[in-house]
Amino acid sequence: MTTSTPRSPEAAPLLELRDVEAGYGPFRALFGVSLSIPPGHVVALLGSNGAGKTTVARVCSGLVAPTAGKLLFEGNDVTGVRAYRIARLGVAHAPEGRSVFASLTVEENLLLAFRVDLGRKLAPEAVARAYELFPRLGERRKQHAGTLSGGEQRMLALARVLVNPPRLLIADELSLGLAPIVVEEVYRTLGKVRDEGAALLLIEQHVKHALALADDVAVLNHGQVNYYGPASELGDLSERLLPAASNGSHA
Amino acid sequence: MTDLITYVLRGIPFGCVFALVAIGLVLTYKTSGVFNLAFGAQAYVSAAVYYDTHVRHKWPIIPAFVLAVLVFGPLVGLVLDRLIFRFMRTAPHVARLVAALGLLVAIPQLVNLWFGQSPSFGVEGIWPSSQGSNFAVYHFGDYALNGDQVATLIATAVVVIGLTALFRFSDIGLRMRAVVESARMTELSGINAGRVGTIAWMLSSLVAGLAGVLLAPLFAQVSATNFTVLIVAAIAAAAFGGLTSIPLTLLGGILLGVAQGLLGGYLPPASVLAQGLRPSLPFVALFLLLIFWPSLRNRREVTDPLAGVDPPPPGLAALERSRGLTWATRIFALIVLAIAIPFVLSSNYWLLLGTEAVILSTIFLSIVVITGMAGQISLCQATFAAIGAFTTAQLVSNYHVSVMITILAGAAMAAVVGALLAIPVLRLGGIYLALATFAFALMFESVLVPLDWVGGGANPIKVPRPKFAGIDFANNKSFFFLCIAILAVVSVLVIFVRGGTIGRYLDALRGSETAAQAIGVNPTRARIIAFSLSAGIAGLGGGLLATQTGIAQPADYNSFLGLFWVVLVVTLGSRTVEGAVQAGVAFYVVDEILKRIGINQSWQPILFGLGAMTYAKHPEGILEFQKRQSLAFVQRHLDRMKRRGAPAEPAGADEAGAVAPTPAQPSSERVGAD
Chain D
1 MTTSTPRSPE AAPLLELRDV EAGYGPFRAL FGVSLSIPPG HVVALLGSNG
51 AGKTTVARVC SGLVAPTAGK LLFEGNDVTG VRAYRIARLG VAHAPEGRSV
101 FASLTVEENL LLAFRVDLGR KLAPEAVARA YELFPRLGER RKQHAGTLSG
151 GEQRMLALAR VLVNPPRLLI ADELSLGLAP IVVEEVYRTL GKVRDEGAAL
201 LLIEQHVKHA LALADDVAVL NHGQVNYYGP ASELGDLSER LLPAASNGSH
251 A
Chain X
252 MTDLITYVLR GIPFGCVFAL VAIGLVLTYK TSGVFNLAFG AQAYVSAAVY
302 YDTHVRHKWP IIPAFVLAVL VFGPLVGLVL DRLIFRFMRT APHVARLVAA
352 LGLLVAIPQL VNLWFGQSPS FGVEGIWPSS QGSNFAVYHF GDYALNGDQV
402 ATLIATAVVV IGLTALFRFS DIGLRMRAVV ESARMTELSG INAGRVGTIA
452 WMLSSLVAGL AGVLLAPLFA QVSATNFTVL IVAAIAAAAF GGLTSIPLTL
502 LGGILLGVAQ GLLGGYLPPA SVLAQGLRPS LPFVALFLLL IFWPSLRNRR
552 EVTDPLAGVD PPPPGLAALE RSRGLTWATR IFALIVLAIA IPFVLSSNYW
602 LLLGTEAVIL STIFLSIVVI TGMAGQISLC QATFAAIGAF TTAQLVSNYH
652 VSVMITILAG AAMAAVVGAL LAIPVLRLGG IYLALATFAF ALMFESVLVP
702 LDWVGGGANP IKVPRPKFAG IDFANNKSFF FLCIAILAVV SVLVIFVRGG
752 TIGRYLDALR GSETAAQAIG VNPTRARIIA FSLSAGIAGL GGGLLATQTG
802 IAQPADYNSF LGLFWVVLVV TLGSRTVEGA VQAGVAFYVV DEILKRIGIN
852 QSWQPILFGL GAMTYAKHPE GILEFQKRQS LAFVQRHLDR MKRRGAPAEP
902 AGADEAGAVA PTPAQPSSER VGAD
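Chains as they are written, first to last, in this note's numbering: chain D, 1 to 251; chain X, 252 to 925.
Looking at chain D on its own, in the form it has when it is part of the complex (with noise of 0.2 Å):
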């Protein structure tokens, strides 16, 4: 484990939300989340159905704006800024469900990003870059990528954040509806994209996985942050916290 603890001042953090407020018309989800992301560490961010973790997600990555408080990007104010520009400063989400485009082809959906990323240049190479890493996505790559198994999706996800690592990957719920060892693999490439110096924000029902890989752990209940600290020093906490999915297993 690492030795800062998210709030030492000393570091600042890659991505902060202040008493962030956030909803759907109507319906609010978030009510005064506050939570920083320092660079190169793994937040999980555990919590129940329901409890706003997907809306923290869409908050960090610009799909939803804040209706109060304030979220900053290595100390610049960001907040009601535009998906597209949060991601060009290197936020990259991976939201819950399907996350890559299933009309285009597999070859397509990488040169998408990586045109954005790296310009029209570079983009083959990183592509070619992609397949080496997952040949399974080599030998489908003029397939739509709608018409890949679940796991090649997250691959195919995946391959884009470890080619051209960001600075901070929301992972919401990346391993939901996957084989366990399915779910290994994903988790042995999102070390990978944290060795690259990648901040996380993983979104996990795997407790465990989840635990395994995190420095911090937000523990959000009912829109508000219940715990935010070292993964290491839940430990007594996880019963009261996490009632329904953990037994108090963790690294």
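Hint data in this document are derived by calculation from the structure and do not stem from the laboratory.
Computed from a predicted structure; not experimentally measured.
Where a beta carbon is used, it is the ideal one built from N, C-alpha and C, also for glycine.
Worth double-checking, as some hints may not be accurate.
Estimated spans, in silico, between C-beta atoms of each pair [unchecked claim]:
(1) D:Gly146 x X:Leu417: 15 to 25 Å
(2) X:Glu764 x D:Ile181: 36 to 46 Å
(3) D:Arg141 x X:Glu764: 31 to 41 Å
(4) X:Arg446 x D:Leu133: 26 to 36 Å
List time: in silico DMTMM-like cross-link candidates among lysine to aspartate or glutamate, alpha-carbon distance up to 25 Å [as the list claims (entries may be wrong)]:
(5) X:Lys868 x X:Asp758
(6) X:Lys868 x D:Glu21
(7) X:Lys281 x D:Glu108
Some chain D residues flagged as far from chain X (calculated, every beta-carbon gap over 12 Å) [unchecked claim]:
(8) Ser34
(9) Glu184
(10) Tyr187
Got chain D sorted already, so can you dock chain X onto it with the hints?
Frame of chain D, contents of chain X only:
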């Protein structure tokens, strides 16, 4: 054989233009989800600009073409996207359709303000030739094409190849395809989806402009009607391509053009079929395609995985009114009636207008039923009114039945036709329902209305005023009261249906069709009844209108007028009976005001057409919205006064409608919160 090929050749350029407009339509539909019914109107803008510069002001071809197609085409798209449709990305389909309908009504009128109402002849094409593009003839063996036709073929080939290449190979093409699937996810890749959408709009509008300039010489005139009807042929071609495939769309357009050419060549020109069927071929094709074409019926939508990000649109079903507003409305209605009736009775002129407003309100109640209650957009309400009117007229003139009975028979006839039409059409739902009803309206108008046994052919049929219970309604005053009585009866009927089982079923279906079916609501049955009831009410109103004017005049039930009716009612408020009455009155009042203050009357459709844009934000209607605001405002003031212990003022002014929204809490007042 030579004839055949000549006819085919003659049809292909038309087909190409249909295909061009259709391709533009598919392009916007795919990238923005807007089924842009105003596309033909956009083509008209460019055609008018080209005509004005090149023919009227003698500009050379190239600058005129650049201005009309390359500047004005994309510009219109840019304006529409920036000012209107970018705010509607998350709006329900119906709202976007209403907006497009509004534009279809408003754009041609706006252009006409500057261009002139009457069709302009002596059109020049874009083919450079010293004799004029029309007369430059090129021979290919036995066959000949003129310059305009050649230009059309070349332009279509360029557009089709260009767009296909764009989508296959270019960056922006790839981005457009990504935006089609999910604008949100495209943004997560760091792409400005709004800008991609704007570019798509500009590109498709460019295609529309090109089609307009190419089409004008083929029609040999520039007139708004030609271009607005063009959209139907284009939709048919687009439907053939399943609203996605560009090559199939091209094929569909060409097939349609060729079929029209063949019909024109082989049918004896004077026959009824030639006069009715040939111009209506696109309508028939569209109607049949919508109902039978499998790729439309079994469409699989690629869903946006991030659709949940958007706040749920204000649901039509969630618009409960406060009891206070209903009471305020009733009191206000009595006050208005007390003032209005003596005024209307004061002169024959006002009496005529008043009676027509009452009849129109009755017809508009049919829109309340189908759109306000059932949540479907039907564009053939004018047709049902026409069916009512013609049935009335035919029965009276041929069988000398009493007029009051024939009016009821007309309503019954319209209701039966409505039910029959509903069975195939209602399955479609959403925009397809709107398109199919519009195709039906145009089909009815061009095929059936000219027949002697329907519309009376060249001589519209006279309809006398009814006479019963010892009263001769030839007297305008008594007829006025008869119409009010009928309006009252129909209103009560609508209110009862809304509160009854069918009304609740429809409410449930509007909220969630799946959920409604899960609790045992039969959606087809409920909707067929609503559709049929709505058709019957429209038929009743149509019969009354014919009786009022004394003649069943086809022009009174024009299908484009019908479009305007829908726009008007939906904009002002389609949920309530009073909404229909307001729309009926507004139709004449606004016209009258414009006339009095000396403003061109085409501003009436322009105002209401542009007003339709508010529908996305206020599906309950702007008047209804204003009323709720005013009532809330008055109530707040009353509360404040009570707290201060000051005597409360009478709440008479609450219905003024136009009272400015509260300045103090502009955002806290949410639709549906009251």
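Hints, verified against the model:
At roughly 22 Å, the beta-carbon separation of D:Gly146 and X:Leu417 lies within the given 15 to 25 Å, and the hint holds. With their beta carbons about 40 Å apart, X:Glu764 and D:Ile181 fall inside the hinted range of 36 to 46 Å. The hinted window of 31 to 41 Å between D:Arg141 and X:Glu764 holds, with their beta carbons roughly 39 Å apart. For the hinted restraint 26 to 36 Å between X:Arg446 and D:Leu133, the CB-CB distance of approximately 32 Å keeps it satisfied.
Taking the CA atoms of X:Lys868 and X:Asp758, the gap is near 20 Å; set against the 25 Å cutoff, the hint holds. Under the criterion of a C-alpha separation no larger than 25 Å, the hint pairing X:Lys868 with D:Glu21 is consistent with the structure, at around 24 Å. Among the hinted pairs, X:Lys281 with D:Glu108 is consistent with the structure: their alpha-carbon atoms are about 18 Å apart, no more than 25 Å. For D:Ser34, the requirement that its beta carbon stay farther than 12 Å from each beta carbon of chain X is met, with the minimum near 22 Å.
Residue placement check: D:Glu184 keeps its beta carbon more than 12 Å from all beta carbons of chain X (closest about 24 Å). At the 12 Å boundary, the C-beta of D:Tyr187 stays outside the reach of chain X, the nearest C-beta of that chain being 22 Å off.
Violated hints are absent here; each numbered hint is respected by the structure.
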